[in-house]
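If you're matching them up, the sequences are chains A and B in order.
For the first sequence, the working numbering gives the first residue as 20, with consecutive numbering after it.
For the second sequence, the working numbering gives the first residue as 20, with consecutive numbering after it.
What the hints contain is simulated information worked out from the structure, not anything from laboratory work.
Mixed in with the good hints, there may be bad ones.
Said to hold, decoys possible - Below are the DSS-like pairs computed for lysine-lysine, each with C-alpha atoms no more than 27 Å apart in a straight line:
| # | chain 1 | residue 1 | chain 2 | residue 2 |
| --- | --- | --- | --- | --- |
| 1 | B | 300 | A | 109 |
| 2 | A | 301 | B | 252 |
| 3 | B | 187 | A | 252 |
| 4 | A | 149 | A | 280 |
| 5 | A | 59 | A | 289 |
| 6 | B | 187 | A | 289 |
| 7 | A | 59 | A | 37 |
| 8 | B | 149 | A | 149 |
| 9 | A | 216 | A | 252 |
| 10 | A | 149 | A | 22 |
| 11 | A | 280 | A | 216 |
| 12 | A | 216 | A | 37 |
| 13 | B | 230 | B | 216 |
| 14 | B | 146 | B | 305 |
| 15 | A | 305 | A | 230 |
| 16 | A | 24 | A | 149 |
| 17 | B | 187 | A | 300 |
| 18 | B | 301 | B | 230 |
| 19 | B | 252 | B | 300 |
| 20 | B | 109 | A | 300 |
| 21 | A | 109 | B | 301 |
| 22 | B | 109 | A | 301 |
| 23 | B | 149 | B | 289 |
| 24 | B | 146 | A | 149 |
| 25 | B | 187 | B | 300 |
| 26 | B | 149 | A | 146 |
| 27 | A | 187 | B | 109 |
| 28 | B | 146 | A | 187 |
| 29 | B | 252 | A | 187 |
| 30 | A | 301 | A | 146 |
| 31 | B | 300 | A | 187 |
| 32 | B | 22 | A | 187 |
Here is how the chains run, residue by residue.
There are 2 protein chains.
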Amino acid sequence: MAKKKYAIGVDMGASFTKMGLVDNDGNLLTSATLTTTAYKTVQDFVAELCMQIQLFAAAAPGEVVGVGLGAPNANFLTGAIDNSANLPWKEHIPLRDLLMEQLEFNVAVTNDAKAAAKGEMLFGNAKGMKNFILITLGTGVGSGIVVNGEIVYGHDGLAGELGHIIAKPNGRPCGCGRRGCLETYTSATGILLTAQKIMLANGLIPFQSSKEITEAAMIGNPIALEVFNQTGKVLGKLLAHVHTVISPEAIIFFGGLANAKDFLLVPTRKAFEEELLFVYKKSMPKLILSGLQDKNAAILGAAAMVL
Amino acid sequence: MAKKKYAIGVDMGASFTKMGLVDNDGNLLTSATLTTTAYKTVQDFVAELCMQIQLFAAAAPGEVVGVGLGAPNANFLTGAIDNSANLPWKEHIPLRDLLMEQLEFNVAVTNDAKAAAKGEMLFGNAKGMKNFILITLGTGVGSGIVVNGEIVYGHDGLAGELGHIIAKPNGRPCGCGRRGCLETYTSATGILLTAQKIMLANGLIPFQSSKEITEAAMIGNPIALEVFNQTGKVLGKLLAHVHTVISPEAIIFFGGLANAKDFLLVPTRKAFEEELLFVYKKSMPKLILSGLQDKNAAILGAAAMVL
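Just chain A, same shape as in the assembly (with noise of 0.2 Å):
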């Protein structure tokens, strides 16, 4: 039998900052929370976290091969946050020196989606796929780009920013400047937005969040899911479009939204089917759901960069 190792996974978020010791099966053995926004500076936040990290590490019971981190906004290849909209520290963040000064393990930092689909590829559902794209619909909508069984970084370590291809011409503003981005539609707040829009039209109050779209729709509101649908059918547009460029076996849901489950495949299936090239349909792609969407996902992606 092989020996086991381990490695600390670190899902730094703007509230909150999740880690977990992780082995190499995908099993999360023990698990702390920091509160982001309890730290004056972010020297103050790696002393704790580093501090946290030695517990953990002498916790382990065989090797510790190194510390992945995932945080929005973080780049692997510089190992630093930059425009980071939501974190209390505003500053350029040297995160992977920061921790390399005080710690003697190996440490990866990367953009969250990227960590998911590392984590994905390791311990989910794309277990043994080379090429395959995993986008998170959350907050934001982001992606991590498998190619070749490696993770696309771009020469810049910036690729994969899905979220910023114009779905509709001129469509809704966007928080980059621009308009119509798919993040505008299928993020948490895109679908709140095209929910609102048609519930203000017919005099109704408002649903106050995704995941209220989401219940309304498992009991069989008719505006859940026309909201669902039409947010099926931007997606998968765009999505069949995005396949020509690598192709991937498979296209993996992520995040919030994910949660939809079929209220949000199906129509996204039918409408990545009906745009795509005929080419493609032989080896039609799967559209499935994330495999770690209640597993502590993101600590294990973060894991999984070093595993």
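Keeping the supplied structure of chain A fixed, place chain B upon it in accordance with the hints.
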């Protein structure tokens, strides 16, 4: 000094098949041309091709490492040609198997755009690049994509069909059965159609080829310049979105229309930069011409597959 290696590159086209003996510095030592249409069956064609390959191999001053063949619609993973609109033989052609029955060399078969990308990486303007897109602007529009230093085939060998991403919803009808594909605007046929529409609307005798448009642009013809502006705008805008998928270091233009050089490149770059998501503006990719345009690129690219 490292010993030189040699490969035989074959550029199989609907009318002619060009082939040559190539060394690992990208020198073409000797070449020959077969008339593809002169053979009643693909077996006859392969027999003649293999005889010619044996002659080249015998003439090589050192080790021959293999045979690379590029052909429209050839699939690297299956080694076969399917759906070829233009070849004289319409059946499924298991080309790699047919060649390997008669040859003792390593044989690689792929489509022409992927072979060109490989050639560009070994001998052209992508030397040392790990992430780039080569886009072929010829009778059709295709692409060869390189990620992490490797050609992207996708799970089915069909990655890189950028010519069939929709550039204009409900736009020009495309041979694939859909409307508005990039290819209908930025192929040799597409640009000619753009020119003819403008000229007929103005009571002028339209250009008869894309080459004529380039020649007219060179002497300052305002319609030809406007046609390149419109074409570059469509191309640059779409490439800005493709860029977000893999974030390449460069996008390289290859094929007939690329001979127009700055007439096409300048408006393409302008539209690309205007449309590009802000996060990429610090690490702006290079939009450049192929380094192999006038150098038997297709033969070199095919040979590069095995070198």
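Exercise for review: Taking the numbered hints from earlier one at a time, note which ones the structure violates and give those numbers from smallest to largest.
Suggested key: 2, 5, 12, 18, 27, 28 and 32
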